[in-house]
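When we follow the numbering used here, the leftmost residue of the sequence shown carries the number 2, and every step to the right adds one.
Mixed in with the good hints there might be a few duds.
Unchecked claim - Computed cross-link-like contacts, SDA-like style, restricted to lysine to any residue with a CA-CA straight-line distance of at most 20 Å:
1) K105 - G64
2) K3 - G125
3) K33 - K3
4) K20 - H123
5) K17 - K70
6) K70 - N43
7) K72 - E60
8) K85 - H123
9) K72 - L62
10) K20 - L62
11) K91 - E114
12) K85 - G125
13) K70 - A55
14) K33 - E60
15) K20 - K85
16) K3 - I99
17) K33 - E104
18) K33 - F80
19) K91 - E19
20) K121 - K49
21) K3 - E107
22) K49 - E10
23) K70 - P81
24) K70 - Q30
25) K121 - I5
26) K70 - L35
27) K17 - N29
28) K105 - A37
As the list claims (entries may be wrong) - Restraint-style ranges between C-beta atoms, simulated for each label pair:
29) H52 - Q15: 21 to 29 Å
30) T28 - D88: 13 to 21 Å
31) E98 - A55: 36 to 44 Å
32) K72 - S101: 29 to 37 Å
33) H25 - K49: 15 to 23 Å
34) V63 - T36: 15 to 23 Å
If you're looking for bench data, these hints aren't it; they were derived computationally from the structure.
Fair warning: this is a prediction, and the values are worked out from it, not measured in the lab.
Glycine included, C-beta positions come from ideal geometry on N, C-alpha and C.
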Amino acid sequence: MKDIAREAESVILQLKAEKRGKGHLQTNQLRKFLTAVNSLTNHVNVYKAKHSQATELPEELVGEVQFLKVKAAYQAGRFPDVRKFMDASKMEERITEIGSSIEKYEEFSRYMEALVAYHKYHEGDN
2 MKDIAREAES VILQLKAEKR GKGHLQTNQL RKFLTAVNSL TNHVNVYKAK
52 HSQATELPEE LVGEVQFLKV KAAYQAGRFP DVRKFMDASK MEERITEIGS
102 SIEKYEEFSR YMEALVAYHK YHEGDN
């Protein structure tokens, strides 16, 4: 089992060390993406409630998971610091790795929450 918290904190500390006073990632920029992830998590939870034995996401939800890459790319295109964050956190790779696995999606969701939490912790109010 991966230590998601440690991985997330490591990414945030790496970005903080690299920034050296040259702009910085805003928490609200991360929260926009987290909102999309949380919305999708709600859909996944509804599916799981209706299909308690399921280990795989239905095709519709797999498409929504993969669409997170588009949302991430849009934010990264608008803000250079978001691009650095997406690269450092290997966001596109992590989304691709989910495939149709409910377990991998849940792990990804926790990772995203941890990234936002550690960013807020280490960067404070911004």
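Do the hints match the structure? See the list:
Restraint check: the Cα-Cα separation between K105 and G64 comes to about 15 Å, which is no more than 20 Å; the hinted pair holds. Restraint check: the Cα-Cα separation between K3 and G125 comes to about 26 Å, which exceeds 20 Å; the hinted pair is violated. Straight-line distance between C-alpha atoms of K33 and K3 comes to about 25 Å, which puts the hinted pair past the 20 Å bound. As the CA atoms of K20 and H123 are separated by approximately 13 Å, the hinted pair is consistent with the 20 Å bound.
A C-alpha spacing of about 24 Å is found between K17 and K70, which places the hinted pair above 20 Å, so the restraint is violated. A C-alpha spacing of about 18 Å is found between K70 and N43, which places the hinted pair at or below 20 Å, so the restraint holds. Straight-line distance between C-alpha atoms of K72 and E60 comes to about 19 Å, which keeps the hinted pair within the 20 Å bound. Proximity of K85 to H123 is assessed by CA-CA distance (about 17 Å); at most 20 Å being required, the pair is judged to hold.
About 15 Å separates the Cα atoms of K72 and L62, which keeps this hinted pair within 20 Å; it holds. Distance hint between K20 and L62 is unfulfilled; the C-alpha atoms sit about 36 Å from each other, more than 20 Å. Note on K91 and E114: the hinted pairing holds, with a Cα-Cα distance of about 15 Å set against a maximum of 20 Å. Proximity of K85 to G125 is assessed by CA-CA distance (about 19 Å); at most 20 Å being required, the pair is judged to hold.
Of the supplied pair hints, the one linking K70 and A55 is violated, its CA atoms being roughly 24 Å apart against a limit of 20 Å. Proximity of K33 to E60 is assessed by CA-CA distance (about 24 Å); at most 20 Å being required, the pair is judged violated. Restraint check for K20 and K85: the C-alpha separation of about 10 Å stays at or below 20 Å, so the hint holds. Restraint check: the Cα-Cα separation between K3 and I99 comes to about 14 Å, which is no more than 20 Å; the hinted pair holds.
With a CA separation close to 23 Å, the supplied pair K33 and E104 exceeds the 20 Å bound. Pair hint K33 plus F80 holds up; C-alpha atoms about 13 Å apart against a cutoff of 20 Å. The straight-line distance between the Cα atoms of K91 and E19 is roughly 16 Å, inside the 20 Å bound, and the hint therefore holds. With a CA separation close to 30 Å, the supplied pair K121 and K49 exceeds the 20 Å bound.
The hinted pair formed by K3 and E107 meets the criterion: a straight-line CA distance of about 12 Å does not exceed 20 Å. For the suggested pair K49 and E10, the alpha carbons sit about 29 Å apart, so the restraint of at most 20 Å is broken. As the CA atoms of K70 and P81 are separated by approximately 16 Å, the hinted pair is consistent with the 20 Å bound. About 15 Å separates the Cα atoms of K70 and Q30, which keeps this hinted pair within 20 Å; it holds.
A hinted pair counts as satisfied when its Cα atoms are at most 20 Å apart, and K121 with I5 qualifies at roughly 16 Å. The suggested pairing of K70 with L35 holds, with an alpha-carbon distance near 13 Å, which does not exceed 20 Å. For the given pair, K17 sits about 16 Å from N29 by alpha-carbon distance, which is consistent with the 20 Å threshold. Proximity of K105 to A37 is assessed by CA-CA distance (about 17 Å); at most 20 Å being required, the pair is judged to hold.
For the pair H52 and Q15, the supplied restraint of 21 to 29 Å is violated, since their beta-carbon distance comes to about 39 Å. At roughly 19 Å, the beta-carbon separation of T28 and D88 lies within the given 13 to 21 Å, and the hint holds. Between E98 and A55 the CB atoms are about 19 Å apart, so this pair departs from the stated range of 36 to 44 Å. The hint said 29 to 37 Å for the Cβ distance between K72 and S101, and at roughly 19 Å that hint is violated.
A beta carbon spacing of about 37 Å between H25 and K49 contradicts the range 15 to 23 Å that was offered as a hint. The hint said 15 to 23 Å for the Cβ distance between V63 and T36, and at roughly 20 Å that hint holds.
The earlier numbered hints that this structure contradicts are 2, 3, 5, 10, 13, 14, 17, 20, 22, 29, 31, 32, 33.
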